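Those sequence lines, one after another, are chains F and Y. Per my numbering, the very first residue in the first sequence carries number 10; after that it's consecutive. Per my numbering, the very first residue in the second sequence carries number 66; after that it's consecutive.
Worth flagging that the hints you see were computed from the coordinates, not collected in a lab. Please read these numbers as outputs of a predicted model, since none were measured by experiment. Errors might be hidden in some of the hints.
[What the hints assert, rightly or not] Among chain F residues calculated to face chain Y with C-beta under 7 Å, some are:
(1) Y101
(2) V105
(3) N115
(4) V116
(5) A117
(6) L138
(7) H156
(8) P170
Note that CB positions come from ideal geometry on N, CA and C, so glycine has one too.
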Amino acid sequence: MTNANEPSGQPQPQPSPSSTTVPELRTGAHSRRAFLFKLSLYLNGAVGAVLAVPILGYLLGPAFKKDSSYKSWISLGPVSNFPEGETRLVDYRNPVTTASDGETGNVACWVRHIQGNQFQVFAINCAHLGCPVRWFEQSKLFMCPCHGGAYYEDGSRASGPPERGLFQYEFSIAGNNLMINAGQMPTLSNSACLKKPLVQIAPNPSTQDQEKTSWPA
Amino acid sequence: MAGMKQRAFQIYEWFERRLGLTKPISEAAAHPTPPTSASWWYVFGSAATVLLMLQIVTGILLALVYTASAGEAWASLQFLNHSIYLGWFLRAIHGWGSDFMVAIVLIHMVQVFMFGAYKYPRELTWIIGVFLLLCTLGMAFTGQVLRFDQDAYWGLGIGASIVSRVPWIGGPLVHMMLGGPIIGGQTLSRFFALHVFVIPGILLAMVAVHVWMVLHLGVNEWPMPGRIVSKATYDREYHELTSKQGVPFVPDAAWKDAVFAAAILLSVIACALFFGPFGPSGQPDPTIIQTAPKPDFFFLWIYAVLAYLPPELETPFLFIAPIVVIGAMLLLPLVAGEGEKHWSRRPVAVLMVAVIAVTLGVFTHLATFTPWSPLMEAWSGDPTPTAYLKNRSPLERQGALVLQDKQCRNCHALGGVGGMRGPALDAIAARMTEDQIIRQVLQGDGNMPAYGNALSPAETRALVAFLMTLRGNNLSPAIDASHTLTQSGAMHVPVPPALSAKTP
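In isolation and in its complexed conformation, chain F is listed as follows:
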């Protein structure tokens, strides 16, 4: 296999200076090498595509996990810890933690014991942007320190920027224990969002009913 521009035994009659001295022009004529180079590019593209599968899978892994896979039923302690008519702060260890989580694996929530087996368990995170809300017994309000969101004792929106009431955990009573279904930070996009946003900007009917029934005057 010979190429026109490769040095050969015979002296070339008129060596064109441009085709022999300029490397770009020289390689251009080597259709085989140019073809092999192109082939190598395709080869690397294919290898890159194969490599991208595990990389993307690794990166996107957390995104494909379902909400329910993180959640499990955990105990908040005996029902007797929560006197009727009171709202109390309680901590629990997140059911899914890793070795490096440390104290960030602890989660707080507010438990409101209405009466009998009626409870409400509120996430600590404000429904606006997730800051920790605080309960004020005297004014029966949850207040958020970040942007001034406030909620009534039943968790419905009272004022401020939140679009909705506090996030609530599902609960059940197992034996004498108060159990909640928990495991992930509640946000507007996961299963904590039992009610769609903007519902509670209009007055919540349940709150109004309650206001009527418990209205002392």
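Here the structure of chain F is known, so what remains is to put chain Y in place on it, guided by the hints.
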């Protein structure tokens, strides 16, 4: 002596023969610069680069000790602050260096904008610069997360809550951001990777391109009113300017860059020395809820905007506004790539800078004292001013007690002390009648929750009695004008005789 010199030259020759860097470097250093551009106004870009170098050096030094684990990061910062020799000082330099870098990058951007330096042929330099600004802000945010304290923890919560509002893919995005179901070990690890590997890598690569383009295209000439940039003539004009009057960048212009960079570095060191490192504040334990998290200085304005946006506008604003703003910055040189460079001929540009600066400044200022947030301790910490209790009936004093006990002070100030979420109550009875106050307290309105469930009739009566004594500096009490008119029958005034006489 002469022998040593010769020996040194030989070593240099040995390297130069192999590296071949002297020629390109000296050419780049001596590239001709318009004499007017050897100005103190042209020093911010180089200062930002010097600060980046400072951040890289101090960042590597901090990484020698810092532990990027959610369980240990906070303790390792305490260790750096208190147990490592000069650890606090290195943390302080890195923290203040970050603030200075954001500030200098912003000033650099404003200067480039005002001097029209983004116009032809430097459009791409500006576009890369926009990404450099975003990277710098990204470094500031991720750095704040690595200072893994309460502010960082709840800041991540705010970030996750914002991300969760992205339509359709919000949920997966939150899990991507947090690396798991909660803010924890994997969250810190990925922010560490972003802060230490990903963003600095992008930043350095883009700084290299940015600086290369400055060398390749030349430093922007000092703008003159009436000297119009046109794609047809600019290259020739700039070449004439630099070839006829140009001065070598080093040393004619570079000495100012060097002096300014030294001054900035000294300022960082001085701030670090006098004000110390930033935090860490309380430990990142989500069960400690007695906290009012706040972002770092350059993100305070966002914090304020999020408090003031009406709830139903918030989500659209959060996702549309950044796209519009960043899009506008990227498109600016493509849309306005020609024409006047001088600020005196670009009133809209000047106005925009002024309005944006004032807006950001006002929001930042507001976020330093967060008037929209209830003061959680005001009800138990700030007593009712004694002047408001003198010569008051027992019922009214009982009302003052109700006002304190029901946390009204968390949102309402008395005597200039207390929350600012609601209006100050010092002169409330001069603005609202008794009926209006009762209605407002029981039913709530605007930003005020309804207190009907939290107040007994007796408490309400006492509270309103006390509020009715608050008339500021003895202002006359508010009256319901319509009430008086209806009672006196004055609502049915017949047409005055003077008027009726005129009507035919």
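Q.
Please check whether N115/F passes as an interface residue: C-beta within 7 Å of a C-beta belonging to chain Y.
A. holds (5 Å)
Q: Grab the minimum C-beta distance from V105/F to chain Y and call the hint holds if it beats 7 Å, violated otherwise.
A: holds (6 Å)
Q. Does the nearest C-beta of chain Y fall within a distance shorter than 7 Å of the C-beta of Y101/F?
A. violated (9 Å)
Q | Closest C-beta approach of L138/F to chain Y relative to 7 Å, hint status | A | holds (4 Å)
Q: Please verify that hint: H156/F, Cβ, nearest Cβ of chain Y, below 7 Å or not.
A: Cβ of H156/F sits 4 Å from chain Y, so the hint holds.
**Q.** When the least beta-carbon distance from V116/F to chain Y is tested against 7 Å, hint result
**A.** Nearest chain Y Cβ about 6 Å off; hint holds.
Q: Could you check if P170/F really has its C-beta closer than 7 Å to a C-beta on chain Y?
A: P170/F check passes; min Cβ-Cβ to chain Y is 5 Å, inside 7 Å.
Q) If you take the shortest Cβ to Cβ gap from A117/F to chain Y, is it below 7 Å? A) holds (4 Å)
Of the numbered hints listed earlier, the single one contradicted by the structure is hint 1.
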